[in-house]
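**Q** Starting from the structure of chain B, add chain W where the hints point.
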Amino acid sequence: MDVRFLRNVLIKAAVLFLLLNIAFTACYPLDGLGRVSIYNSLARGRERLPFGENPQETYTFSLYNLEAMLQSLALDGLPKPANEFRVLVLGDSSIWGTLLQPVETLVGQLNAANLTTCDGRAIRAYNLGYPTLSLTKDIMILEEAMRYQPDLIIWSVTLQAFPKDIQLASPLVQNNPHRVRPLKEQYDLDLPVETLSEPNFWQRTLIGQRRSLADWLRLQLYAPMWSATGIDQLYPADYEPAQRDLDPDETFNNWSGPDLGFEQLSFDVLSAGFEIAGETPVLLVNEPILISAGQNSDLRYNFYYPRWAYDSYRAMLGETAGLNAWSYLDLWNLVPESQFTNSAIHLTPQGVSMMAEAVGDALNRMSCGQSAQPPAPTPTPTATPLPATATPVAVLSPTPTPTPTRPVYTDWRDYPVLPTVSDTAREIYQRGLALGNNPAAFSKVGDCETGSDWFLRTFDVQPPLYRLGEYEYLQEMILYFDGSFARRSIVAKNGFNAATALSPIWADPEVCLSGETPLACEYRIHKPSIALIAFGTNDTKNPARFEGDLRKIIEITIEAGIVPVLSTKADNLEGDNSINETIVKLAVEYDIPLWNFWAAIQDLPDAGLRADKMHLTWAQNYFDDPETMEKAWPWRNLTALQTLDIVWRGLQETP
Amino acid sequence: MKTKILYLAFVLSLVLVACTSNASPAATAVEQYLTALVGKQSDTLSTLVCADWESQALMEMDSFGAVAPELKDAACQESGTEGDLTLVTCTGQIVTTYNDEKSELDLSDWTYEVIQQNGVWLVCGYR
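So the sequence lines, in the order shown, correspond to chains B and W.
Going by my numbering, the first sequence runs without a break in its numbering and finishes at 666.
Going by my numbering, the second sequence runs without a break in its numbering and finishes at 202.
Nothing false has been slipped in among the hints.
With a Cα cut of at most 20 Å, we get these calculated EDC-like pairs of lysine to aspartate or glutamate:
no.	chain 1	residue 1	chain 2	residue 2
1	B	Lys175	W	Asp175
2	B	Lys538	B	Glu527
3	B	Lys195	B	Glu205
4	B	Lys624	B	Glu585
5	B	Lys195	B	Glu209
6	B	Lys624	W	Asp175
7	B	Lys552	W	Asp175
8	B	Lys596	B	Asp422
9	B	Lys624	B	Glu641
10	W	Lys147	W	Glu179
11	B	Lys642	B	Asp341
12	B	Lys596	B	Glu585
13	W	Lys177	B	Asp519
14	W	Lys177	B	Asp464
15	B	Lys642	B	Asp309
16	W	Lys115	W	Glu129
17	W	Lys147	W	Asp175
18	B	Lys642	B	Asp464
19	B	Lys552	W	Glu145
20	B	Lys624	B	Asp260
21	W	Lys177	B	Glu521
22	B	Lys91	B	Glu155
23	B	Lys23	B	Asp13
24	W	Lys177	B	Asp201
25	W	Lys177	B	Asp279
26	W	Lys177	B	Glu274
27	B	Lys624	B	Asp309
28	B	Lys175	B	Asp279
29	W	Lys177	B	Asp176
30	B	Lys563	B	Glu527
31	B	Lys538	B	Glu566
32	B	Lys642	B	Asp617
33	B	Lys91	B	Glu154
34	B	Lys552	W	Asp118
35	B	Lys563	W	Asp127
36	B	Lys563	W	Glu129
37	B	Lys195	B	Glu286
38	B	Lys175	W	Glu176
Calculated from the structure, these hints are not laboratory results.
Excised from the complex, chain B in its bound form (with noise of 0.2 Å):
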C-alpha cells in the first residue's frame, strides 16, 4: 500500500475526529440523544426510572441522563387519552418500589384498583419514584414530567429527604447542575450549587463524556431484555431485615435535639414543588416509617430517625402544609413494624396495599374536586377528653361565661384555667385607649412558645385552616382582632425570656428606637390593648431573677394602659413548680388576668409535653377532632382565645 495514501487517510481521519470533538463539545447533544429512545416503538417501555447495579441480571442500571431515563418509560410513549386522569407518583426508593414487583408497587395497586373520577375519567398512575432521598432530585424530576400534562401530583416524602446539607447528596442530582442551578435560581433555593462542578472543556468531549455514550448505549440495548422478560430488579428470597433494636444515638444527621428548625430543612424546595407543579393539585403524603418496639425504641423509631427529630419534622410538616393550604396526609404510623422489609421506609407488597387505600380514597377525594382529606368527624362531646382543670365544665363551655369575681384559692393549681376580668383591668383598659392603644390589637409577649407560627397563626390565615367544632361562638373575637394572630411580635421569640424582653440589645435594630426594649418596641408600634404573656420556660436556669423581671413586665405593661393577661407554662423543668407559683402570685397581686394554661393540659398523654419535658405535643387546630385534641397545642390555641374571648368581652364592661 501506499504510504502516502495511509498517512493521508490517517490525517483526515485525525482531522474528522478533532471536528467532530469540537462539534460535540460545543453542541453537548446528550439531552438531545437522551431523547433517541427504541423504548416504546421496538422495544415497551419501562414502568418504572432505570436504577440498580446488576444489569446483567436485571437489565437495568443507574445512568444519569434523565431525558433518556424518561425515554424510556412506558409514560413518554403514551400521548395521554380524552378519558384518563393522569396521576404522577414522586418519591424515593419506597415509591419506587425496591423489592416489589411493579404491580407491587404503590403505582400498581393505585392502577389494579381500577379507580375513576366523578366524571368518569379512569385514574392511571405512573411511577416516578427513584432511588436515593432528596428533596431536590424529586423536583429536578418533576420538573422535567410536568410535559407529561398530569392532572394529579402525589409526592411522598419522609424526614431523610429534608436536611439541606444532603439535597446535592443524590448521584443523579450531582450528575446534572445543568438541571439543578436553574432551580436554585428560578426559585431562590438555598441549595450549594456553587460545590456541583460542571463540565470542563475536556470533558464535554466526545472521550470526555465516552461513560454517557456508553450508559445510553446500554440502556437501549437492555430495552430488548426488558420488554421479552418484565425484569428490572432482583428479588432475593433472604434479605437483611430493616433494623429492630437500635443504637442508644439521639442524634440526627449530626444533631441533637430537642428540636429541628425549619432552617435545618429544605422547605423552599419542598415549597418549590408546588410551585413547578403550578396549577395541578398535588398530593403531599409523609409516608409510612417502621416503628420499632426494640431495644432503644423509647429513644428512636428506626434506623434513620431519633423520636425527637421525627416528632419535630412531623409537627413542622403539618403545620406548613396547613399553612400554605396544601392537600396533605400524614401516613406516618399507618402500617405495622411487621410490614416492612429491608429498610424502615420499604413496604411488604401487604403494606403498599394499605398505603395504597389510603392514598386511593384521598386520589378519589380530589380527583373530584374534593378536600384530600375524610370529612371532619362529628363532634363527640363526650369522647372528647377534658383537660384537668378545677372547674373543666366551666372552663370548656362553649357559652363565655366569665365570673364577675376572682376566686382565691391557696394552691396555685387550684386556678382555672380561663381568667376572670378585674375591675382593675378594667381601668387599664380605659386608660390606654384615652392613650391611643388599639382596642382591636393584642400583642404576643414570650418566648418560642408564643412566638412560634403554632401560636394563633393559623387563625389569621385565609383559607381558615382551623375547625372550630362547638366553639363556633369565638369567630367573632377571631374577626374582632384579625391582624394580631399571625403578627410577628418584636417581643415573642425563640431563646427569650423575661430578661430579654426588658434589654435593649435583643430590640430588633430595624424597628426600633436607640435604647428601647424589645418589650417597649412592641407596645410603641402595635398598640395593643392586651397582652398576653407566657415567660417562664426560658428561666428556668435562674429563677431567683425570674420575679423581679416578671414586675417589671407587668408593670410597663400597666403603665402603657395595656392589660397583661399572665399565663402559666406547661413544663417543670426548674422542679419546684416555682416559677408557675410566682406567675400565679403576680397575677394575684396585680388584680390581672390569669390563663392557667398547666390546667389546661394535665389530663393529656404525658401531661402534653414531648420527650424533652419542654416542647408541647403537637396537632392541628381541629378543636372537633377528640383524637387532635390528645395533643397540648391544639390546647394551647383554643385556651388562649378563650382567654382572649373573655377578656376583651370583660373589658367592655363599665368599672
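**A** Here is chain W on its own, set in the frame of chain B:
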C-alpha cells in the same frame, strides 16, 4: 550575622508589641465587658460596669440565659467623647445558638458609653 538577626528580631518584636497595645483603655473595657457578658461571668461583669448600670448589665447577661452566646470577630475602638463619657463603637457580632438555631446580634448597632472612675474604665450603658 547571628547578632544582626537577633537584633532584627528584637526590633520586630518591639514593633509588634507597639502595634498591639495601642487599643484605648475605654475600648478594652468594652471588649472585656462583652467577654464577661457572653461568658455569663456575673462577678467579673460587676467590676466592669458603673454602679448605676450594674442591675441593667446583670439583666442583660441574664437575657442570654436560654441561649449559648459567643463573640465573633469583636473589636472595639473609641469613636469620640461627650462630656465625661468616652464613646466606643465595636465591630463583630454576638452569635447566639438556641436549639441549633443561630442568630446574630450586630455589635455595630450600638455605641457604648464608658467613663473613668478612680482610674478604672467602666461601661455605663449603650445607645
